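Student: Residue-level listing of the chains:
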Amino acid sequence: MISPSEMKKLKTPEQAVEMIQDGDSLLVGGFGLCGMPFTLIDAIAAQDRARNLTVISNNLGEPGKGLGKLLLTGHLKKAVGSYFTTNRDAVKAWKKGELEIELIPQGTLAEAIRAGGAGIAAFYIKTAVGTKLAEGKEERVFNGERYILVEAIRARVALIKAYKADTLGNLIYSKTARNFNPMMATAADLVIAEVDEIVETGTLDPEAIVTPHNYVDVVVLSRYHKVGGVYIEK
Amino acid sequence: MKNNHPARVRIAKRIARELKAGQVVNLGVGIPTLIPDYLRPDQDVFLQSENGLLGMGPTPPAEEIDMDLISASKHPITFGKGAALFSSSDSFVMIRGGHVDVAVMGALQVSEKGEIANWAVPGEDILGVGGAMDLVAGAKKIIIATMHVNKDGQPKLVRELTYPTSGVRCAELVVTEKAVFAIENGTMVLKEIAEDTNLEEIRRLTEARFEVAADVMPMLV
Numbered sequence: 001m002i003s004p005s006e007m008k009k010l011k012t013p014e015q016a017v018e019m020i021q022d023g024d025s026l027l028v029g030g031f032g033l034c035g036m037p038f039t040l041i042d043a044i045a046a047q048d049r050a051r052n053l054t055v056i057s058n059n060l061g062e063p064g065k066g067l068g069k070l071l072l073t074g075h076l077k078k079a080v081g082s083y084f085t086t087n088r089d090a091v092k093a094w095k096k097g098e099l100e101i102e103l104i105p106q107g108t109l110a111e112a113i114r115a116g117g118a119g120i121a122a123f124y125i126k127t128a129v130g131t132k133l134a135e136g137k138e139e140r141v142f143n144g145e146r147y148i149l150v151e152a153i154r155a156r157v158a159l160i161k162a163y164k165a166d167t168l169g170n171l172i173y174s175k176t177a178r179n180f181n182p183m184m185a186t187a188a189d190l191v192i193a194e195v196d197e198i199v200e201t202g203t204l205d206p207e208a209i210v211t212p213h214n215y216v217d218v219v220v221l222s223r224y225h226k227v228g229g230v231y232i233e234k
Numbered sequence: 001m002k003n004n005h006p007a008r009v010r011i012a013k014r015i016a017r018e019l020k021a022g023q024v025v026n027l028g029v030g031i032p033t034l035i036p037d038y039l040r041p042d043q044d045v046f047l048q049s050e051n052g053l054l055g056m057g058p059t060p061p062a063e064e065i066d067m068d069l070i071s072a073s074k075h076p077i078t079f080g081k082g083a084a085l086f087s088s089s090d091s092f093v094m095i096r097g098g099h100v101d102v103a104v105m106g107a108l109q110v111s112e113k114g115e116i117a118n119w120a121v122p123g124e125d126i127l128g129v130g131g132a133m134d135l136v137a138g139a140k141k142i143i144i145a146t147m148h149v150n151k152d153g154q155p156k157l158v159r160e161l162t163y164p165t166s167g168v169r170c171a172e173l174v175v176t177e178k179a180v181f182a183i184e185n186g187t188m189v190l191k192e193i194a195e196d197t198n199l200e201e202i203r204r205l206t207e208a209r210f211e212v213a214a215d216v217m218p219m220l221v
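Read top to bottom, the protein sequences are chains Z and U. Quick note on our numbering: the first sequence kicks off at 1 and runs consecutively. Quick note on our numbering: the second sequence kicks off at 1 and runs consecutively.
Honestly, the hints are just simulated from the structure, not real lab data. Computed from a predicted model, the values in this text were never measured in an experiment. Keep in mind that a hint or two might mislead.
[To be verified] Cross-link-like lysine to any residue pairs, in silico, SDA-like; alpha carbons within 25 Å at most:
| hint | chain 1 | residue 1 | chain 2 | residue 2 |
| --- | --- | --- | --- | --- |
| 1 | U | 74 | Z | 174 |
| 2 | U | 2 | U | 46 |
| 3 | Z | 164 | U | 63 |
[Said to hold, decoys possible] Every beta carbon over 12 Å from chain U, so not counted as near; a handful from chain Z, in silico:
| hint | residue |
| --- | --- |
| 4 | 52 |
| 5 | 189 |
| 6 | 199 |
We put the CB at the ideal spot given by N, CA and C, even for glycine.
Isolated chain Z, as found in the complex (with noise of 0.2 Å):
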C-alpha cells in the first residue's frame, strides 16, 4: 500500500472534494457509467458546500447511478453533453426547470474538450452543418464544403477515472473505460484522478502511458471494485 508521504498527489476522496467550489463546472469522464468516476461522485453527493455545479460530460450516468446521483441530491444548475434520453431523472428535472441543458453532438464535445486542452480557442467542423444545432454558429466554406465553428470547452475541475497510476501520476487505462478520460485530463485548471491502483514508478510500460503524469494533480483511490465484471461498492 501506497501511503501519501511517498505521494504527493495522493488524497481521499473527501479531501479532493473539498477542492471544488461552490458553482464550479466540472468535466467528469465515461460513457454512460463506463469510465465513470464513481467514488469522487460519491463524495461530491456526500456534501452540501459545493453545488450549482456545471457538468460536461457525455451523458448524466443512468438514474440513480454514477452522475445520476447528483441529480437526485441537487447539486447540479446545468449539464453539457451529447446524450441525455437515456436517464429519465435529466429528462423529469430539464422539464422542471431546475436542470440547463447544452447539447453537443458527441464528436464535435470530444474535439471541443481536446481544443480547450491543446490552446486552441475554436475550431471549424463539418458535423452538425445545417441542422438545430447549428444555430446561431458563424459558417465558412473551406474547399467547396461546409463548416461551422465552434468554440473549444474547458473546466475549472476534471474529474477523470483511470484504471491505474503509478506514484507520479501517469495513467493507463481501462479497455473503452478511456472514452472522454485522456481529453479531460488536459482541460481543467485542477484534474483529479480516480484510479483502481497505484503502483510504483517505474513498473508501468512507457509505451502504454496515455495520460503523462503532468496532467495530473490529485489521485485517488476508488472505493469501488469489478464483480462479475459490474462495478460494486467495497
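Given the structure of chain Z, go ahead and fit chain U onto it with the hints provided.
Tutor: Chain U in isolation, oriented as in the chain Z frame:
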C-alpha cells in the same frame, strides 16, 4: 434485449450482404445492432464502436462480462480480430475524418434526395444526439436501415423532411423490409423488391418520388 422481428431481421440480413471484406463499419442503434449475427465469419468486417474501439467482437458469455468493455449501445462486448482501443476524440477523428467506410444507421425519415432525419422528433424534447451527426458528416458511405413505414403506418421515405435534419450529407443506400433504394445523383432509385410485396404496394407506402431501375430485381436476403 434485441428486437428480432422478422422484418427487422430481413433488413439486417440484406445489409450484411452489402458489407465487404476489410471494411471498417459503424453500426448504429436499433436494427443495425442485428447485423453482426448475419455476417459470415470469412466476411472480415471490422466493426467500429464510437466509444473507442475498432474490432468489436460478439457478446460475451455471462461469466466473461466486463463493463469496462461495452458497445456504444452500452452492452457488454468482446474484442474482435485485431482490436484496437482509442479515446473518444480519436474515435471521432476516425468517424469525421473519413476513415470509416460504412455507417449503418436507423432513420425517422429519409427524403427522396437521401437527406436523413434520425435524432429528433418535432414537438418532443430534444435531449440526445450522440454520434449521429458526426457519422452523417463523416462516413464514406451511409446505409439507412429502417422499417418502410412508422408505427402509425406513415411513410418514412418522404419528399421533404418534416423532422429535423441530421446534416447536409445524404445516404447512398436505403434498405427497408420491402425494398432497397439507391440514391443516384440526388434521385431515389428502386433497386430491389421483397418477395412478399410488389411495386404497387411500394408506391402506396412511399411518399418519396423514385425511379424504378431497369434491372430491378427480387430483394436479396
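Student: Each hint should be assessed against the structure and marked as holding or not.
Tutor: Hints, verified against the model:
1. 74/U with 174/Z: Distance ~15 Å between residue 74/U and residue 174/Z Cα, so the pair holds.
2. 2/U with 46/U: OK: residue 2/U and residue 46/U at ~21 Å, within 25 Å.
3. 164/Z with 63/U: holds (24 Å)
4. 52: holds (21 Å)
5. 189: holds (20 Å)
6. 199: holds (18 Å)
Of the numbered hints stated above, none is contradicted by the structure.
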